[in-house]
Every structure is written in structure tokens, then in C-alpha cells.
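Colleague: Chains as they are written, first to last, in full-length UniProt numbering: chain A, 1 to 247; chain B, 1 to 247.
None of these hints come from the bench; they were simulated from the model. No incorrect hints appear here.
What follows is a list of derived Cβ distance ranges for each label pair:
(1) A:N161 to B:V2: 52 to 60 angstroms
(2) B:A85 to A:R50: 24 to 32 angstroms
(3) B:V139 to A:T22: 44 to 52 angstroms
(4) A:A24 to B:D154: 54 to 62 angstroms
(5) A:A24 to B:D69: 46 to 54 angstroms
(6) A:G117 to B:T71: 17 to 25 angstroms
Below are the SDA-like pairs computed for lysine to any residue, each with C-alpha atoms no more than 20 angstroms apart in a straight line:
(7) B:K243 to A:F123
(8) B:K144 to B:H185
(9) B:K243 to A:P121
(10) A:K243 to B:P121
(11) B:K243 to A:E119
(12) B:K166 to B:A105
(13) A:K108 to A:G54
(14) A:K108 to A:H185
(15) A:K243 to B:F123
(16) A:K243 to B:E119
(17) A:K144 to A:A223
(18) A:K42 to A:M1
(19) B:K165 to B:Q195
(20) A:K163 to A:G231
(21) B:K243 to B:D174
(22) A:K165 to A:R227
(23) A:K152 to A:M164
(24) A:K143 to A:H217
Even glycine gets a Cβ: it sits at the ideal position worked out from N, Cα and C.
There are 2 protein chains.
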Amino acid sequence: MVNYRFTFSYDGTRYHGWESKTNADTVEGRIEAVLTRMVDAKVDIHGAGRTDAGVHARAMVANGRLETDKTPEEIKDYLNRYLPADICALDVAVAGDRFHARLNATGKVYEYTLYVGAEKPVFDRNYVWCVPQGSALDVDVMKKAASYLVGKHDFRSFCGNNKMKKSTVRTIYDVDIVKEGDYVHMRFHGNGFLQNMVRILTGTLVDVGYGNMSAEHIPEIIAGMDRQLAGPTAPPHGLCLMKVEYD
Amino acid sequence: MVNYRFTFSYDGTRYHGWESKTNADTVEGRIEAVLTRMVDAKVDIHGAGRTDAGVHARAMVANGRLETDKTPEEIKDYLNRYLPADICALDVAVAGDRFHARLNATGKVYEYTLYVGAEKPVFDRNYVWCVPQGSALDVDVMKKAASYLVGKHDFRSFCGNNKMKKSTVRTIYDVDIVKEGDYVHMRFHGNGFLQNMVRILTGTLVDVGYGNMSAEHIPEIIAGMDRQLAGPTAPPHGLCLMKVEYD
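Work out the full structure, taking the sequences as your base and the hints as a guide.
Modeller: Quick look at the structure:
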């Protein structure tokens, strides 16, 4: 059995998230089904993270063991022939036997896109959050608020799983917010993110952008260790996993 | 009854084209249903053209008569509240009583987008034609071929309706072909286009790009007045109506 490293892009719109589930159409489930068919034996893969239903990826990394005569390039071609049009195998490579896509990941980049234009974005509707009265958003104050997130913090207040037993300490290296025309791109780079964390960070920064809370309130939210203090969870479809980093 | 001029953008993916049809979900049908509900009387609108199933528009113009106390801005807001997320009313204005969106149109711009990259474009899959072996396409020879299309010609060879009784003479002002990364944008500007004409022009230019026919063959196809001489009809989803012009 050889351990392979896979990189996938996908449009998450019509899936119940990344992770395989019985009786639900998921991205991982689709990929495992094609690989299982290819080698005629059950294949399990492990993603670098779990994206929620409706969340997209430009470069999700996964690993999985299988036995085949095919070259990595042939495996990639097989995947792209049998996967649906909204999932693409970007790369397949032989990995070291100990490589694990989730456990070995040292960083991730997520991008959340807001749409602040006046007209409904018919072509981007599945990839952006159309915030109401988007022109009222103060992007500069959002940048200020984001600067307080950078660093090593306990992000329990931004965790969607309130029964989380493991550590909720994470390091955010950078939050880059750029307004381009009718779009606000918010890029989060960190060593890892908790469940719903990027969506809650986004909902909170948007609250700040509307003036519902001040930028200086962010350190208090972090210190409070209480999900109730942060803003709402932004909808999934504006979110995209851009990159997974390894040493 | 006041004659209004409407401008719409739409993602045509899930519709059976623009034109209202009994028992089929169409863009015009959706818009007429909302307007009919708004004024509580049957409203008919007239589009500047008929886009095929799967074809998109960034600025389809239509006109229709109705009686209402609402301002044009209020009509627009009503439309955007009740139309689905893939149809947007961009503009509503009072038009002259004799304005007819189709009969008064003096020009149209369509854009056809080819995808020539190696990887499946999961996010653009409904808006581009993924041509096989796209990297083999010779865009310069396609530009050469396109130059023969410009001018006033009988485009019968490029008409999808072989029972067309009316004139098949049209004037193409310009065909602009630009390669940007993995995309080839083909912009057709003319005084009007026959049924499937842009799709057949595209299929023919792609044939030339692959070297299946020479650029110099285009004048012979035009002169032959026979649909069989031209290339295949390109798929609908790469096509978008960009603009309708009026004097």
C-alpha cells in the first residue's frame, strides 16, 4: 500500500461538506467512491480539514493509502474522468509513508468574500456573502479590528463547538482585508482554525464594519472565552480554503 | 399603461432559455410572473432577443406595458425581492410609448468564453466551454479567421434555423479575441445575430484554431450559404449577452 497525497479544488455548493457521511453526498465521499472503484477495494482518505456544507476549496490536501499499477498522473486522470464537474483533482503524488494531511499541516489560508455592491451578483451568488447595505461597511475599521486577532490566542469565543475539549489556542499569522470594487476579500492565515472559526471571525468583523461594536472590543471578546460575545456565524458559501501548508 | 424599459442580468444555467413557454421554466416567464403578481394583471414583456437554454446575460433589455403607482425604482426593488437569486433587475425606466426592445435594437454584443487550461474549472464550469486539448488552440489563426467575418454578409451558413424565411444578412462590426491566462474571450459585436449564430461562429473558429480548416476557408463558408459547411454549434453555457444597443 502506497500513501498518496492529493490536492483537490471543489465547488461545495451542492455537497453536505467535505467529510464522508452515511446517506449524505459529500466531497470526500465522492472521491473515495471513485478511488474505491479504481482499485476495487475500500479506500479511505484523510483531508487536511473539514469544510462545512457550502464551503469551497481551491486546494484541499488529503492523503490515502491504496495499491495500484497506475502512475500518480494516471490516478489523477482517472479521478478527473469520473469525478463530477464540481470536483477537480489538481495533483496526485506519492507521499512519505508517515504523511498525514491533517496532522502534518502547519498552516492554512482561508478566504472569505463579501459582496457589497448594489445589484444582486447573479454569477457569483454561490461564492460571496451579499451583506445588506454593503456600501455602509467601514473596511478600514474592519482592518483595525482584524489586527487584534493576529497572534497566539485562545479563540474559544470564536469556536462553533461549545463542547470542544481539546485546546482552542491557535495562532493567526495574518488577516488581510482588501476591497476591490464591489468585493471585500478577507484572507485569514493561521496555523489552524477551530470549527466555524473563520465564519465567526467574519461575522464579527462585519459587525464591527457596520459600527455595531468597536474594533477595540475584539480583545475583550477574545479574553471573555464565550461564544456569545462574538458576532454571528457568516454563511458558508462566502468561504473558500485556499491553501494548506506543510513544512 | 406605461411602457417600461427593463435591463436584466441572469445566470441561464437552470432555465430553458429566455423566452416564455408553457410548461417550461424560462427567464422571461419568471419575470412576467413577478410583474403580473405586482400589478395583479397579466403582463407581457418583449426581450431584445432570445437566448438559448443555458446562455447567460449581463444586460438583456426588455420592454413591457403595465399600470402601477410604483416608481421605476420601486418596480426594480420589487423585482429583485421576488425574482430568484440568478435573475437580477439592473435597471427599470419609463420608455417612450413606441420603444420596442427587439425592433429598436441597433446592435448587440455577445461574449463567448473558452477555457483552455489543463485543470477542470470547477468554479466557472457553467460559464465557459472547456475545449479539449485547449493548449493546442492557435489563437492567432482564429483572429485571422475572425477578420473575414467582419462586414455585411449573408450569414445563412451560420444560421441554426434552416427554414429561416427572413433575411439572413447581418453586419458584424468587430470580433475581438483575447487570451487571458487559461481563458479565451471572443467578443462579437454586430447589428444582430441569427439563431445560434454566435455559437456556430465560435464552433467554426475553434475548428480553425485546431487546424481542422484554414482561416482562408471562412469566405468560402460564407459564400456557400450552407450550414453544413460551417463548424459545429458550440455549447450554450460559454455564451453571454453583454449589451444591447439603441440609437
